[in-house]
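Mind the numbering: the first sequence is residues 263 to 437 in the numbering used here, read in order.
In case anyone wonders, no lab produced these hints; they're calculated from the structure.
Treat the numbers as computed from the prediction; the structure is a model and nothing was measured.
There's no promise every hint is true.
[Unchecked claim] Below are the DSBU-like pairs computed for lysine-lysine, each with C-alpha atoms no more than 35 Å apart in a straight line:
1) K352 / K377
2) K352 / K433
3) K377 / K307
4) K328 / K295
5) K377 / K328
[To be verified] Computed beta-carbon distance windows for the label pairs:
6) R344 / G287: 34 to 44 Å
7) P297 / P396: 38 to 48 Å
8) F315 / V430: 13 to 23 Å
9) R360 / V403: 12 to 22 Å
10) F315 / A389: 18 to 28 Å
11) R345 / S411: 29 to 39 Å
12) G355 / D398: 28 to 38 Å
13) I408 / T376: 34 to 44 Å
14) R296 / D398: 32 to 42 Å
15) D358 / G330: 23 to 33 Å
16) A404 / K272: 29 to 39 Å
17) K352 / Y317: 30 to 40 Å
18) K433 / E289: 16 to 26 Å
Cβ coordinates follow ideal geometry from the N, Cα and C atoms, glycine included.
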Amino acid sequence: MVGTELVWEKCAGLVVETEAYLVEGDEACHTFKRPSARAFVERNKPGAAYVYFTYGAHWMLNVLVKGGPRDGIILIRALEPRRGIDLMRKRRGLEDVRRLCSGPGKLTQALAITKRHHEIDLCSDPAHCFRARPNDNLEVVADPRIGISCAKDFPWRFSLRDSPFVSVPVKRPRR
DNA sequence: CGCTAGATGAGA
DNA sequence: CTCATCTAGCGA
Numbered sequence: 263m264v265g266t267e268l269v270w271e272k273c274a275g276l277v278v279e280t281e282a283y284l285v286e287g288d289e290a291c292h293t294f295k296r297p298s299a300r301a302f303v304e305r306n307k308p309g310a311a312y313v314y315f316t317y318g319a320h321w322m323l324n325v326l327v328k329g330g331p332r333d334g335i336i337l338i339r340a341l342e343p344r345r346g347i348d349l350m351r352k353r354r355g356l357e358d359v360r361r362l363c364s365g366p367g368k369l370t371q372a373l374a375i376t377k378r379h380h381e382i383d384l385c386s387d388p389a390h391c392f393r394a395r396p397n398d399n400l401e402v403v404a405d406p407r408i409g410i411s412c413a414k415d416f417p418w419r420f421s422l423r424d425s426p427f428v429s430v431p432v433k434r435p436r437r
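All chains, please: the whole structure from these sequences, using the hints.
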């Protein structure tokens, strides 16, 4: 998904950072402890939006993927704003383009994503979808997930190499 | 720049 | 009680 364009009504941005959560056996995935999350996976097709509220303040946008034992939920963590930037600025109350969508809670605020988008199909609505883009030299790096308190070792945070739009800069080896 | 505190609501 | 976060406020 990194490198695709997330289209959201009047706004759009390049996906530059995601995190993968595995439905089976991943302690950090909602399905590990929540029957409601498992029911969501059961009743939905791949491409369904999984939107939830956390820390009493922030919405998180996730996408359901399916592949048998590799069923998963992908958290969209950061975007490089491409369209509707002034609208994003207004919603965020910020000017700096790099800070508009550089975090999972920031991008939902910039795109006005809330509970009402939970469970919508992101494969059938042109106003809410991921568009493939021609990417010639796309370099994606994998690192440990951040912001979680368990299963920290899985290197399932994926980001566009050297993107200045990610949430937390990827640690680069010194040279 | 880095660090910390605290807001705030839903699920279990 | 925990939590896949963010920002203001403070100090260097």
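Worksheet item: For this structure, which hints from the list above don't hold up?
Response: 13, 15, 17
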